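**Student:** Listed here are the chains, written in short residue letters.
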Amino acid sequence: MNFETAVANLGFRDLAGISPALNLILAGIAILALDAILPMRSKLLSAWIALLALAGSLFASLHRLAVGADISAFNHAVRMDPFANAFSAIICLASTLAVLSAPKYLKLREVHLAEYYALILFSVSGMVLFGASQDLLMMFLALETMSIPVYCLVGFTRTNVYSTEASMKYFLIGAFAAGFLVYGIALLYGAAGTVRIEDLAVGLDRAPGLFYSGMALLLVGFLFKIGAVPFHMWTPDAYEGAPTPVTTFMAEAVKAAPFGGMLKVLFVGFGFEEAMQVWQPVLIGIAVLTMTVGNLIALVQDDVKRMMGYSSIAHSGYILVGVAAAAELHSTDALAAVLYYLFIYVLMNAGTFGVLILFSSKDKDANHLDDLVGLGRERPWAAALMTVFLLSLTGIPPLGGFFGKFYIFSYAIQAGMIPLVVIAILNSVVSAYYYLKVIGAMYFREPEDGARAVFYFEGYSVFLIAMLWLSAAGVVYWGIQSETPLLLAEQATASLFKPAP
Amino acid sequence: MRSQYIPVLIQLALAAGFAGSLLVLTHLFGPSRPAAAKLSPFECGVDPVDQAHHRFSVKFYLVAMLFILFDIEAIFFYPWALIFKGAISSGLFLLIEMGTFALVLLAGFFYIWRKGVLEWA
Amino acid sequence: MVVLRFLILAPLAAALLNLFFGRWWGKKTTAALACGSVFLSFCGALRNAYAIQIHSLPAQRVIVDEIFTWIAVGRTVIRMDLVQDNLTCVMCLIITGVGFLIHLYSVGYMAHDGGFRRYFIYLNLFVFFMLLLVLADNLLVLFIGWEGVGLCSYLLIGFWHADMKNASAGKKAFVVNRIGDFGFLLGMLVILLTAGTLSVTELKSAVALQPIASGTATLICLLLFLGAAGKSAQIPLYTWLPDAMAGPTPVSALIHAATMVTAGVYMIARLHFLYALSPLASGVVAAVGAATAIFAAVIGLAQNDIKKVLAYSTVSQLGYMFLAVGVGAYTWGIFHLTTHAFFKALLFLGAGSVIHGLSGEQNLQKMGGLRKHLPVTFVTMLAGTLAIAGVPPLAGFFSKDEILVAARLAEPAVWSGRVLSGIGLAAAFLTAFYMGRLLCLAFFGSSRVEKEKAAHLHESPWTMTVPLMILAILSAIAGFGHHHFSEWLAPLFGHAAPTPADIHDRVMWASVAVALAGLGLSALFYIRSPGIPARIAAGLGGLYRLVADKFYVDELYDRMAVKAVYWTGVLSHAFDKHVIDRLVNWTGGSLRAGGFVISFLQTGNVGHYAIWFLAGVSALLVLFTGGAP
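Residue numbers (the working numbering), protein chains in the order written: chain A, 1 to 501; chain B, 1 to 121; chain C, 1 to 629.
By construction, these hints were calculated from the structure, which means they are not laboratory data.
As the structure is a computational prediction, the values presented were derived from the model and not from experiment.
For glycine and all other residues, C-beta sits at the position ideal for the given N, C-alpha and C.
Be a bit skeptical, because a hint or two may be false.
Some, not all, of what chain A presents toward chain B, calculated at C-beta under 10 angstroms [said to hold, decoys possible]: (1) Phe12; (2) Leu15; (3) Ala30; (4) Asp35; (5) Pro39; (6) Met40; (7) Ile71; (8) Ala73.
Between the sequences and the hints, there should be enough to build the whole structure, so can you do that?
**Tutor:** Following this line, the structure appears as structure tokens:
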């Protein structure tokens, strides 16, 4: 196909195809324009615009997922199939929660700026396209669209040295990783002569060395994004330094989105037998390392935000177990379990950070374990919600976190990976220690100086309360009622292996 | 074969001639009121020979960044105009798309303008 | 018909609304929500019963609500489905109907209590779990309801938890029930292993196709019966029920008389097709039931706390129900469950009315002559007493009579039908006697009420007396429906075989005779010549003390089980502290140390991060290209 025909093929239906992402970009631009015109009154309005846009994209994706729409756009560079729609829905949900958590915190920190919402929306538009990319260049573009706003967001509290330091570190390492990713793409292009993901396989016969090197470097880019060991070092620093609503955003949306691209590349691009035999054992090794290192370091943290950073590393490990099992079984149902896990993970993580935001004050985050002492008595609802989220993260039935792990581990057992599951379960046990430590601080510890409690509470915002209750309800309800999300996830993963229309 | 480079040479000669003649003409007709800032090689307020740890206005970065952004985006017009020349006749869509692109640029410009990035003071 | 999920969700919704928003509205709204939701469920259940009634085809006489698949792993699928058939209809109507009356009664009874909202939240939650228990198709879902009602019972027994005694009574109920639940869980596990499903509907058709081996069936049934004995307070796990009287009286009426404690009977009736496979297990059920019936009745003779008498009476009546389901008379077991729900709820509520009128007095020896002051309570309690004693034509007569006939005709594997019905008759006599005693001590004779309490003596408000009257009418007339009742349950349990007229008549006359004799004797003892009981008690001496102190079973358990458990606890604590703890501390410590060491790698220096990153890249490159030629 030459350029002329390719260009002539473009039309409004291509734009309609990516409408969930387009909608976010337009809303982001609208927020910027609004901020330029009415700088005094734009803040809450921007939050509402962002929420509306995200809700619009969420419902569009869910609707497309439910009817099983499968749309190719821009000459097959983008494919909004059920897989992409499922990820889009998860990400939009995650971002909605992150936006809900923001206004109160930013106001306290006196950085309540409209740009925050615009940046989030731009980043989300990249994420939506990430899982939908059908060629590596498009994927790289989406990845950078997703990442660059996040670098800015991490440094959003400009006067805070930790925040700027985190931003700088994240940016440097991120650029480093992006470099490897591009290099990988170049090598794969050299081997296969194409950047279309589904045609990459031809590269193996032409130039196996190039092909495998490219595959390794590409994988490095993804592993960096999901925070797998040994590419995880940035995670705790960035999580701790970033303003807590941004940490929320990073821990759920920025965490879930790369899995979309990664699954697509691994199962569509490298989903054939020879390649799988190479990457699957490596993935198992990385899963073991990731779980273990994440959990072990989390054990010795006293800073809850930092602890959650390590916990998110550990959860990446659990998810990689699911990916490895799916590769072993060649099962789309096992992949569906991964999607379900991501969905639940988004909810419980958002809730945990939400509670931390609730008790952050003007000049101090409620990060340390000691900051939560006495919460159980003085703020029973907040403590109860936090308990639900932490128990779910630990994997206590009947909460969502349990079923997420349960499905992943049972598929891993089906795949015959018993030692891996044993390690994973041992890791879960270890993780119980530090999650319960937080619960213990809330309920069983007394403030040392005889005060009633040691926490800050400077009023709540309706947004934040809504976010907490929504997440908790989701963790409980979709945990017990896992049928619908699993069904949707199975539809989504099944489409991954169907040829594009 | 070689003849196709002749226009390039002419272009070069024209550019060099234009720039040279301007220099000569200002030297001949313009008033001469030299000052320290004006005599510095780049005339941008930054001393070319100085300590590395010198602080200077963040506005420089802003302007530099904006320049690069808009420059690159303006360059995007050229391939569009050349490569898609044949396709432009086939539909309105491409025109609209470039219009949208320009609009997005304008929105960004509007934003930085209103935010006061372009005000030097 | 009404979709079943709405039936169970109404009380849950009310509980949640009161929980979240209750503090912003008053007691009136709380009470209206709580009562209204249960009434709504009652109407729904009634509508469903009608829907089942008008369908003639057996296949249509079941209402199924498939909500969602809860767990699906491999072959095992646990669905969250609700099923309403003829049996569950009866249970739903009892739970919501009697439940509604008791809610209404509670509005008056708890009016001055500080925990008004908390009380109704618990009570609504209880109704939700009880309905879930009854309607669940899957045993695991049933078990959720089973544990849920246990939890609510625990919370309500210890409702006035400021008093240590009440709190420990709640704890006792909880712990004793755990023993039963252990059996239940094991039973479910064996079912899952043998039949591969926990759905009652599927289990039934699977058993119909290929019966389970009788040994396995016996094992399953005995394990499940252990669970039932815990929940329904049978020997040897009955000790928690009398202590459970620490809760508010309407709670005793609803949970510890009418509904929750009958869950065991219901469960056996629900799984009757399994019990039909195991004569031995059925025999054990019947024997335990009969033994409990007489044993608890004997203890009931010598109790002076009005609620304790009723509690032992409940244990005894539950024994009757187990006797019935044990000899295969499922219909009459459920029928007795129904009539018992009416008259025992009535008696408890009446006792509550007395306690309410006497400002919290529960000792029978400090009552007397109340019939003039509490006329409505007296008349209704009289009806309840006659009903439970089995005086025709009140409800208890019919249900008890049918059970005794069924036991007489049965050929159980443990003991003989004659023995069982004989024990039943003896228990009936004792029942009539102690109930007569309760009535005489409380309402007849001269007043022994303490002075300051006598001053406040008053009849209860209408929200309390109206439920009493409705329940009294039900207790009086429910018995006449026994033919309809057995027809109603026939699709499940089959039609009752015609009984030989001579045996039926003999048993009937005998039971009427013992009922009247018991009541007459109590009237003689406690009205005509009040000196006799004391003389008898003195004459019996030690024997009387033995009965009055409940055969020292609690103490026995304390010695045998609790002390043994205690010492095991001490031992294992030592083991725990010196062996396990050290191991754990060592493991934990070394894990923490490991974490500590690894965390040193996290220097915070971006250069170091990049070096680790590079190391990772190199490793991946080597691993990946190592695979290529």
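**Student:** Could you run down the list of hints and mark each one as holding or not?
**Tutor:** Here is what the structure says about each hint:
Hint status for Phe12/A relative to chain B: holds, with the closest Cβ pair at about 7 angstroms, below 10 angstroms. Below 10 angstroms, beta-carbon pairs count as interface contacts, and Leu15/A has one with chain B at about 9 angstroms; its hint therefore holds. Taking 10 angstroms as the C-beta cut-off, the interface hint given for Ala30/A holds, the closest approach to chain B being about 9 angstroms. The beta carbon of Asp35/A is positioned within 10 angstroms of a beta carbon in chain B (closest approach about 7 angstroms), and the interface hint is therefore held.
Given the 10 angstroms rule on beta carbons, the hint for Pro39/A holds: about 8 angstroms separates it from the nearest Cβ of chain B. Evaluation of the Met40/A hint against chain B yields a violated restraint, the C-beta minimum of about 12 angstroms exceeding 10 angstroms. Hint on Ile71/A is violated. Least Cβ distance to chain B is approximately 17 angstroms, over the 10 angstroms limit. Interface restraint check for Ala73/A: the shortest CB-CB distance to chain B comes to about 13 angstroms, outside 10 angstroms, so the restraint is violated.
The structure does not agree with the numbered hints 6, 7 and 8 stated previously, though it agrees with the rest.
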